[in-house]
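Participant: Chain by chain, the residues:
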Amino acid sequence: MGCSPSNDNDANTHHTIKGRDFTNKRFPVYRINTPNSWIRCDPLPKESLTDTTKPLCEFVIKDPHGAIRIAIHNFATDTIDQRISPIAQVERWKRQFTTISPTDISVTPQAFSGYEGLYFRGTGDLKGANTTVLAWSLCLAPEHYRMLSHAEEDMAALYREMRADVTIKAVGRADMMELHEEDIIDFARSFELIEEIPSRS
Amino acid sequence: MNLLKHTYHFLGGVYFAMILIASVTLFVIAGTFLESSSQSHLYAAAYTYDSPLFALLLWGFFINILFAATRRWPFRWKHAPFLITHLGLLMVLGGVLLKHYFGHQGTMLLTEGSGSHVIRLANTFAINVQKRGEKVSTSHPLKRNFSGRYDPLIARRDDGLVLQLAEITPHVSEHLATWAKGPVAVIDGLRPMPMVDVIDQEELTLAGRARFGSEDAPVWDLFALRTDHTEAVQKQVKKLARKTPALAIIENSDHDVSLFAVGPYGDVWTQHIGKGGPESLIAYDDGFSGYAVKAELPFDTTPAHRASREQVIANKIKSQLEKARDEGVALATPLEIFKRACEKAQVDFPDMLTTYLVRWNATGSWLYPESTPLPAELHTVFANMTWEDIDPHVATGCQWALVLFDKVGEALESDDAPLEVLRKARWPLLASLERENSMIDPEGKNPSVILELLTQQMLASAAMLPAQDSRLAPPQQHAAMLSVLMRAYGIHMSTIANDDSAPSDPLVLETRVMPVHEVLSPSNKIEDNKPRVVLHAAKDTVGKAMALAYDRSGTGLKWPVLHGEYLLRFQPDVIDIPYHVRLRQARQINYANSNQAYSYESDLVVTEMKSGMTRETTISMNNVYETWDGYRFYLSSISPSDESTAKKIVVVVNRDPAKYWLTYPGAVVLTCGIVWLFCRRKKNDDE
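Here the protein sequences line up with chains D and X, keeping their order. Here the first sequence is numbered in our numbering, starting from 16 and rising by one per residue. Here the second sequence is numbered in our numbering, starting from 10 and rising by one per residue.
Simulated from the structure, these hints should not be mistaken for laboratory data. Remember, it's a predicted structure, so these values are computed and weren't measured experimentally. Among these hints, one or two may not hold up.
[Said to hold, decoys possible] Straight-line distance between alpha carbons at most 25 Å, and here's what the computed SDA-like set of lysine to any residue pairs gives:
1. X:K303 - D:K109
2. X:K144 - D:E158
3. X:K657 - D:R98
4. D:K109 - X:T654
5. X:K657 - D:E158
[Stated by the list, open to error] According to the in silico footprint, chain D covers these stretches of chain X (three or more CB under 8 Å from chain D):
6. 588 to 594
7. 654 to 660
C-beta atoms are modelled at their ideal positions from N, C-alpha and C, and glycine is treated no differently.
Assemble the whole structure, with the sequences as input and the hints as a guide.
Facilitator: So this is what it looks like as structure tokens:
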């Protein structure tokens with residue numbers, strides 16, 4: 016992965032993020048805003064991203080005592096039935112903690128930029144450290160998914176990436192996460208598709 | 010010449026101005042009363058502000074002011090304030106007239122993530138036509154002629170489609186007919202069945218029989234019934250379906266339809282389609298081949314032998330028990346008692362448990378009836394059953410529960426309202442039963458919750474009841490007592506079967522949906538009316554009449570015509586505007602620590618299509634976005650207000666083409682003229 020700091024001149028930096036290499040091509044699919052101090056880490060140009068465990072892109076918030084890593088994944092599907100339900104992702108995130116108290120978990124519905132899903136916030140023991148996870152599991156609204164299911168051949172690969180489920184997951188030391196929580200929420204909620212989703216006339 | 014001069018002076022004179030002012034006053038009074046009495050702005054507007062007479066009055070004002078100014082000819086310097094005032098008035102009136110003829114107001118519906126440059130013009134009628142293979146649809150407005158009637162010819166398109174208006178009805182109600190279509194019930198692939206009014210709930214008329222799936226699949230009894238006592242009829246169908254699976258299509262007088270099925274093993278399944286229509290539809294070929302509603306019944310259509318079914322459940326029970334043993338999980342009390350009895354009788358516990366559950370389920374009773382004979386092996390098991398190892402009150406509770414259900418069980422199981430039965434029987438713990446039931450089943454739709462709570466109550470209060478000796482009980486009584494305990498623990502064939510995975514080859518039924526209209530008398534509140542048009546669509550030698558109800562939002566279903574070559578929808582007229590608007594996010598902002606809305610906001614990206622220039626903006630309740638050429642974007646509504654799904658907003662788009670170069674400058678000129686007039690008069694007075 017190659018990392019580079021965001022543009023120092025802007026209060027907010029606008030990033031475009033490419034999808035996965037489904038047909039050996041990676042198209043810019045998503046757009047997101049970050050504060051200028053965040054460091055962006057992209058996969059190397061020759062690295063294949065067909066493995067969905069690899070993030071599309073990572074952002075790092077550094078301070079003298081540690082770092083917060085924010086990873087963006089997507090999971091493309093061919094039919095609406097293949098989509099992973101957001102609650103399944105949330106359950107998976109819960110299980111990643113070594114120990115976590117139910118009182119330190121909150122799951123709230125989220126809907127923005129045409130996506131709907133869940134926002135997970137949990138603090139607990141993760142690999143021996145008191146860690147907070149802020150994570151979003153997002154699926155396109157069904158009507159949008161249907162609109163993106165019918166595409167001409169030249170648009171099929173792009174539309175497949177556009178209708179993919181998305182996760183945004185920030186992991187870091189609990190005290191540090193508390194400090195940057197607002198920025199991370201703003202960052203996640205600025206996430207959107209670059210191309211507009213077509214609508215029925 | 011004299012007449013012309015007189016007319017000119019009259020039109021520019023004070024008398025004409027007074028007539029105009031008086032007429033407008035009458036219009037305003039009439040408009041106020043009409044709107045107040047009908048509660049309808051549209052109704053009032055149709056007779057006042059939107060009438061051609063009112064437009065004529067505006068023109069009258071324009072002419073009066075123009076002639077009043079030109080009457081001063083030749084102009085002198087002293088006329089300047091007067092002329093400027095009149096020029097201002099003419100500019101304002103000109104702006105109003107231009108807006109009246111060339112401005113528009115409509116709504117734009119946007120969903121987060123998508124955009125549009127199309128607005129729906131309020132209170133207009135049009136037929137939206139989409140041709141097969143084309144993504145874009147065309148709007149053909151219904152136009153009125155001089156007499157105020159709609160032109161019969163709506164459109165004659167280049168592709169040969171001719172649309173004609175045959176009839177327009179001011180108000181209809183519309184519902185989607187699904188399984189019940191007027192006099193018949195229809196399941197695709199079967200003959201239509203006549204709908205029968207239920208007169209006697211005890212005797213339901215069979216509409217037919219059908220076998221779904223292969224030849225050795227069970228035959229189903231089919232009912233097509235019309236009644237307002239849906240739940241009672243469903244109960245009766247369930248009773249009749251003890252031996253044969255049954256499927257009933259039940260429609261009530263509100264056209265709500267229930268599809269009610271009792272499977273081969275007594276499992277009940279139901280689908281309800283209410284006023285809002287089905288939750289989802291199948292669109293064949295994107296709607297060009299019509300729409301259907303589907304029901305996926307969780308009953309296998311492949312040969313569902315009882316033995317194989319029981320084997321599935323037995324395997325499931327066995328695997329669960331083995332898993333519990335491996336993991337060292339303790340069995341629930343009733344299972345533990347039964348297991349010990351099996352061990353004493355030296356029979357296989359899972360096999361016997363399955364046999365017992367299947368026999369019990371076949372009786373259809375809440376508890377295992379003592380009168381039902383037991384097969385030899387089960388007889389041996391229950392002969393070896395002892396209750397001494399567990400809390401003695403449990404056996405007492407079970408025995409008293411049998412006494413209770415022996416007295417009122419039949420009434421409880423057959424009545425729609427078991428609480429009423431208990432009230433009549435003066436059940437002493439009714440209050441707590443009601444309280445718990447209201448928490449578990451707030452709508453009171455599941456009578457078995459009451460039965461389960463009642464069973465649990467009997468066991469909970471066993472310590473206060475006189476003890477009975479269970480050792481002398483015959484095996485049948487042990488079987489019945491165990492069923493009490495199992496019910497208290499929620500163990501029954503139906504609960505185990507319901508937990509089972511979905512059948513591999515479920516029974517899938519489909520039926521076409523069609524709109525049904527009922528003509529109603531129109532309300533004075535025009536906004537509440539739903540007009541309907543009957544159209545004749547023709548192309549080449551093919552013609553077809555079809556009725557369409559008005560879709561105010563223009564987002565509903567389009568209906569196929571001419572063998573699916575076109576889709577049509579009756580909706581407001583639409584126009585393209587030169588701005589493309591994309592909705593990024595919409596949100597409701599609440600007061601701190603409350604769900605009360607403080608503000609609604611929407612982030613938009615507005616692109617001027619001609620120049621490609623893009624601007625990001627946020628509109629909110631009191632924050633309108635306005636373009637340089639007179640388009641205004643108001644946020645009208647957001648739904649839903651929470652974050653449960655992608656939000657939709659309605660943006661009101663208003664265009665006043667002359668606002669910046671005529672109306673607003675006119676107001677400034679008018680103000681200057683009035684001020685000058687005032688100052689000059691004051692000066693004259695002083696002199």
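Participant: Confirm or reject each hint.
Facilitator: Each hint, compared with the structure:
1. X:K303 - D:K109: Violated, at about 37 Å.
2. X:K144 - D:E158: holds, 16 Å
3. X:K657 - D:R98: holds, 23 Å
4. D:K109 - X:T654: Holds - the C-alpha atoms of X:T654 and D:K109 are around 23 Å apart, at most 25 Å.
5. X:K657 - D:E158: At roughly 12 Å apart (the allowed maximum being 25 Å), D:E158 and X:K657 satisfy the hint.
6. 588 to 594: Result for this restraint: holds, n = 3.
7. 654 to 660: holds (count 3)
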